[in-house]
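Peer 1: Below, each chain spelled out in residue letters.
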Amino acid sequence: MSNSKFKYTLLTLLLLLSCNIQLLAQKNAFDINDFKKKKAEFIIKKTGLTDAEAKAFIPITNELMDKRFEINREVRKNVRELRKKNNKTEADYERLINESTEAKLKEAQLNKEYLVKFKKVLSAEKIYKYLQAEEDFMKQTLSNRHGRK
Amino acid sequence: MLNDNDKRNPFRVPENYFENFNLEIMDKLPEKAPSVKKVPLWRSITTWSAAAAVFVAVSLVGINYLESNSSHPTSIESGSTTDTTASLENDYYDFIEEEATLLAYKDSFYE
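Each protein sequence line maps, in turn, to chains X and Y. Heads up: the first sequence begins at 1173 in the working numbering, then just goes up one per residue. Heads up: the second sequence begins at 995 in the working numbering, then just goes up one per residue.
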């Protein structure tokens, strides 16, 4: 087989491989906006929100989730760094436990703050149903992700 | 002068010219050109498509295997996505996963 023919075949095969990888990347990449959209749909259905309620309420829930994410992200970053460190000092361990406790506290405070905002839009019954629906959706997402593998 | 019968032939031929003629000509001929065996076109197409299909199949199996072992949706393509975008999505996923796991754990209390 001539040299140019070999190069051509090699190129074709590499192209095919890159296509596979693209498919894999698309399949696996976590789309935040898609996730939020699916969550909103699920919540509206399960909680039985009217259009007006949904329009007012869903943005607030997304805001809360983003803020919880930010708290979580900071802590996760620090924990990851500290975990990598081989010789952890007592100070490092203390930092780890303090930060995770602080994060939980901050999150609880955020929840309380947003509960006040929720009450301005929804009845207590619907807020309760919403909280249940949110939990169900999270668990469902987790099992879907694992189920696909 | 015309009657000068000089039997000597002015033209000379190298010795054994005609005897060796055939042999020398054959030596000087180019070697028989290597004949390119022409494979029927359809055969080469089928062979290459088969090879490509096998390659794709093997790589898909391999990638699926790798995918099933990892629990993170990692972005493999490095061309377009910046590091921060991929990291944000990964972090968000980790956050969701962590919350969901905690919820599932709490559920187990009530089973």
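Each hint should be verified, as a subset may be incorrect.
Claimed, not checked - Here are the simulated lysine to aspartate or glutamate pairs, DMTMM-like style, with alpha carbons at most 20 Å apart:
{"no.": "1", "chain 1": "X", "residue 1": "K1284", "chain 2": "X", "residue 2": "E1242"}
{"no.": "2", "chain 1": "X", "residue 1": "K1239", "chain 2": "Y", "residue 2": "D1101"}
{"no.": "3", "chain 1": "X", "residue 1": "K1249", "chain 2": "Y", "residue 2": "D1085"}
{"no.": "4", "chain 1": "X", "residue 1": "K1311", "chain 2": "Y", "residue 2": "E1018"}
{"no.": "5", "chain 1": "X", "residue 1": "K1208", "chain 2": "X", "residue 2": "E1253"}
{"no.": "6", "chain 1": "X", "residue 1": "K1284", "chain 2": "X", "residue 2": "D1238"}
{"no.": "7", "chain 1": "X", "residue 1": "K1311", "chain 2": "Y", "residue 2": "D1021"}
{"no.": "8", "chain 1": "X", "residue 1": "K1276", "chain 2": "Y", "residue 2": "D1088"}
{"no.": "9", "chain 1": "X", "residue 1": "K1239", "chain 2": "Y", "residue 2": "E1018"}
{"no.": "10", "chain 1": "X", "residue 1": "K1209", "chain 2": "Y", "residue 2": "E1091"}
Quick caveat, the hints were computed from the structure, so don't treat them as lab data.
Peer 1: Run the structure past the numbered hints and jot down the numbers of the failing ones, going up.
Peer 2: 2, 4, 5, 7 and 9
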